[in-house]
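A.B. asks: Sequence:
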Amino acid sequence: MTDSPWSAQRWAFVLATAVFASVWVAVAVAGPARIAGHIDAAGEVTRWDSKWVVLTGLGAVGLLIGAATMALLAWLLAATTVFSASGEASMNAWAFAVPLVVYVLALIGYTVYIAVGDRYRVRE
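Heads up, the working numbering is the position in the sequence shown plus 30, with the first residue counted as 1.
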C-alpha cells in the first residue's frame, strides 16, 4: 500500500477548515446584525451581540485552538524524528506525555473559564 500525502485525516482537516471559513463568511455577509452572544443551558438567549463581536470571538478561539494543536503536533513530530535519528531502542515517555497533558489541561481550563468564568457571565 502506498502512502498518499493526502490521507483521510488531512482531507478531513481541510474540509473542516473550509466549512468553518465558509460559514464564517456567510454569516459575515448575510447574517443578521445582532447574534446571540450567550445562550444558557436551557437554550435561552441571555445576551445579544453584534455579529462582528461573535465572528471575531469565534475566529480568535478557532485560531488559538488551531495554533495550540499545531504546536503540539509539531513538538510530537520533532520529538519522534529526533528519537528515530538517535538509534535508541526506547524513548522517554515524558517527551510525549508532558506536552499532551499540558495541551489537554489548557483546553479543559479554557472550557471551564468560558463555562463559569466572569468574562462570559451575564451582568445582573
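Calculated from the structure, these hints are not laboratory results.
The structure displayed is predicted, hence computed values, not measured ones.
In this text, a Cβ means the ideal position worked out from N, Cα and C, and glycines have one as well.
Heads up, a few of these hints could be off.
When the alpha-carbon atoms are kept at most 20 Å apart in a straight line, the in silico SDA-like pairs for lysine to any residue are as follows [said to hold, decoys possible]:
| hint | residue 1 | residue 2 |
| --- | --- | --- |
| 1 | 81 | 65 |
| 2 | 81 | 45 |
| 3 | 81 | 102 |
| 4 | 81 | 121 |
| 5 | 81 | 93 |
| 6 | 81 | 97 |
| 7 | 81 | 101 |
| 8 | 81 | 120 |
| 9 | 81 | 116 |
| 10 | 81 | 60 |
| 11 | 81 | 64 |
| 12 | 81 | 107 |
| 13 | 81 | 99 |
| 14 | 81 | 100 |
| 15 | 81 | 104 |
| 16 | 81 | 123 |
| 17 | 81 | 68 |
| 18 | 81 | 105 |
| 19 | 81 | 52 |
| 20 | 81 | 54 |
| 21 | 81 | 98 |
| 22 | 81 | 70 |
| 23 | 81 | 108 |
| 24 | 81 | 91 |
| 25 | 81 | 129 |
| 26 | 81 | 110 |
Here are the computed distance ranges between Cβ atoms for each label pair [said to hold, decoys possible]:
| hint | residue 1 | residue 2 | range |
| --- | --- | --- | --- |
| 27 | 119 | 58 | 15 to 23 Å |
| 28 | 49 | 81 | 28 to 36 Å |
| 29 | 113 | 73 | 43 to 51 Å |
| 30 | 148 | 90 | 35 to 43 Å |
| 31 | 112 | 92 | 38 to 46 Å |
A.B. asks: Take the hints in turn and mark each one as holding or not.
C.D. replies: To see whether the hints hold, each was checked on the structure:
no.: 1; hint: 81 x 65; result: 5 Å, holds
no.: 2; hint: 81 x 45; result: 24 Å, violated
no.: 3; hint: 81 x 102; result: 31 Å, violated
no.: 4; hint: 81 x 121; result: 49 Å, violated
no.: 5; hint: 81 x 93; result: 18 Å, holds
no.: 6; hint: 81 x 97; result: 24 Å, violated
no.: 7; hint: 81 x 101; result: 30 Å, violated
no.: 8; hint: 81 x 120; result: 52 Å, violated
no.: 9; hint: 81 x 116; result: 52 Å, violated
no.: 10; hint: 81 x 60; result: 10 Å, holds
no.: 11; hint: 81 x 64; result: 5 Å, holds
no.: 12; hint: 81 x 107; result: 38 Å, violated
no.: 13; hint: 81 x 99; result: 27 Å, violated
no.: 14; hint: 81 x 100; result: 28 Å, violated
no.: 15; hint: 81 x 104; result: 34 Å, violated
no.: 16; hint: 81 x 123; result: 45 Å, violated
no.: 17; hint: 81 x 68; result: 12 Å, holds
no.: 18; hint: 81 x 105; result: 36 Å, violated
no.: 19; hint: 81 x 52; result: 15 Å, holds
no.: 20; hint: 81 x 54; result: 10 Å, holds
no.: 21; hint: 81 x 98; result: 26 Å, violated
no.: 22; hint: 81 x 70; result: 18 Å, holds
no.: 23; hint: 81 x 108; result: 40 Å, violated
no.: 24; hint: 81 x 91; result: 15 Å, holds
no.: 25; hint: 81 x 129; result: 35 Å, violated
no.: 26; hint: 81 x 110; result: 43 Å, violated
no.: 27; hint: 119 x 58: 15 to 23 Å; result: 54 Å, violated
no.: 28; hint: 49 x 81: 28 to 36 Å; result: 19 Å, violated
no.: 29; hint: 113 x 73: 43 to 51 Å; result: 49 Å, holds
no.: 30; hint: 148 x 90: 35 to 43 Å; result: 18 Å, violated
no.: 31; hint: 112 x 92: 38 to 46 Å; result: 30 Å, violated
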